[in-house]
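J.: Residue numbers (UniProt numbering), protein chains in the order written: chain L, 1 to 203; chain A, 1 to 203.
It is worth saying that the hints were derived from the structure and are not from the lab. None of these values were measured; they are calculated from a predicted model. Some hints here could point you the wrong way.
Identical copies carry no separate label here, and so any pair may be met within one copy or between two of them.
Calculated pairs, DSS-like style, for lysine-lysine (alpha carbon to alpha carbon, straight line, at most 27 angstroms) [what the hints assert, rightly or not]:
| # | residue 1 | residue 2 |
| --- | --- | --- |
| 1 | K171 | K12 |
| 2 | K171 | K33 |
| 3 | K19 | K188 |
| 4 | K33 | K63 |
| 5 | K42 | K188 |
| 6 | K63 | K118 |
| 7 | K118 | K33 |
| 8 | K14 | K171 |
Number of protein chains: 2
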Amino acid sequence: MVETAQEAERHKAKMANRKAAQDAEVAGKTIEKGLLIVHTGKGKGKSTAAFGLLLRALGRGFKVGVVQFGKGAWDTGERHAIDRFPDQVVWYALGEGFTWETQDRTRDVAAAERAWTKAEELMADPAIRLLILDELNISLRYDHLDVARVVAALQARRPDLHIVVTGRNAKPELVEAADLVTDMTPVKHHFDAGVKAQEGIEY
Amino acid sequence: MVETAQEAERHKAKMANRKAAQDAEVAGKTIEKGLLIVHTGKGKGKSTAAFGLLLRALGRGFKVGVVQFGKGAWDTGERHAIDRFPDQVVWYALGEGFTWETQDRTRDVAAAERAWTKAEELMADPAIRLLILDELNISLRYDHLDVARVVAALQARRPDLHIVVTGRNAKPELVEAADLVTDMTPVKHHFDAGVKAQEGIEY
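Okay, chain L solo, but in the shape it has when bound (with noise of 0.2 angstroms):
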């Protein structure tokens, strides 16, 4: 691609203004705290975005919590990584998969306590600095907890301590009290084509 000197000045002259009100803006970012973060919506990415964050959180030699709401699909892949790492990370997998595999409420609303109770101890655990909840959105969606005791504990959070939620339908008492909030929309999808679920890819 060729350009004229004029307009590789004029480029020149547009992006350091850019650059300008870039910097402008990160400086006026002060404030320092435990994020609540919300992984929502329809789309795929929320439980993997949490696992990025977790990959990023153990390479800064962070120690870090991983409580499982649901099923999940986490078991496999996900796990062997994360054995390379067995002083950093403490996983749970409380869930008995979702309600429409249970068929049974009583033992959603079981399960559902055994994992927040864990998720209070992690909490309490002052070596713990991110927390992974993954799925809590489907246990409040289908009020298996008490969202306004959930979101109290959460937002009692350490000062050190971020916490990712994920799952669809976040509550907007949940929504009101975070810092972060994604919603992965889906805007394309290979199963609407036929293609099965991937090894690698999706588990």
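The hints should help you fit chain A onto chain L, whose structure is shown.
T.: Okay, now just chain A, sitting in the frame of chain L:
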């Protein structure tokens, strides 16, 4: 939560129906292929979800390639974690930073070309099963690379290679060619409340 036997039965029947529908849907997906996945949108989680996929693929024993078209924020946390898998990851950071950092379009184009050449090499390496082209969408958006050429090469990928492309403003031609496209839509961001980027979360 107390429920009557009748309520429990009704719940059970409803969930059994849902499970049957779900199982039938899964059984209908039979095609295996390497997926072209796009993470776009203005929200967080595009690259992070790609690195979550990387973690899963590593756990499955796959060899993975990463080419960074932008400078990215990925040098630190993730790279330290990746060091635990020295034989499984090939990583090239070939971006020179975004165009508002370099302020030099000719240099941006040259950097994008170098990164794309490396991407083509990795696509041709039969050992690589997952290839992450981080921030490629930015290079396409600013026409540092020709979209028709890039999309044609991505479509000609091996059937056992999954490719993930990240970055805002995915071009329509790429969305059209992709199997799975997710838009990470920001709902709420702590930067808006003056909170700064946090170690182990944003970098």
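J.: Run every hint past the structure and note whether it holds.
T.: Comparing the hints with the structure gives:
For the identical chains of this complex, K171 and K12 are inter-copy neighbours only, at 24 angstroms across copies versus 46 angstroms inside a copy, given an alpha-carbon limit of 27 angstroms. For the identical chains of this complex, K171 and K33 are intra-copy neighbours only, at 23 angstroms inside a copy versus 36 angstroms across copies, given an alpha-carbon limit of 27 angstroms. Proximity of K19 to K188 under the C-alpha cut-off of 27 angstroms is restricted to the inter-copy arrangement: shortest distance 24 angstroms between copies versus 34 angstroms within a copy. Only within a single protomer do K33 and K63 lie at most 27 angstroms apart by alpha-carbon distance; the minimum there is 17 angstroms, versus 36 angstroms between protomers.
Both within a single protomer and between protomers do K42 and K188 lie at most 27 angstroms apart by alpha-carbon distance, with minima of 11 angstroms and 17 angstroms respectively. Taking identical chains as interchangeable, the C-alpha atoms of K63 and K118 lie at most 27 angstroms apart only when both belong to the same chain, with a minimum of 16 angstroms there against 35 angstroms between chains. For a Cα distance limit of 27 angstroms, the shortest separation of K118 from K33 inside one copy, 23 angstroms, qualifies, whereas the shortest one across copies, 39 angstroms, does not. Taking the shortest alpha-carbon separations for K14 and K171, only the inter-copy value of 23 angstroms comes in at or below 27 angstroms, while the best intra-copy value is 42 angstroms.
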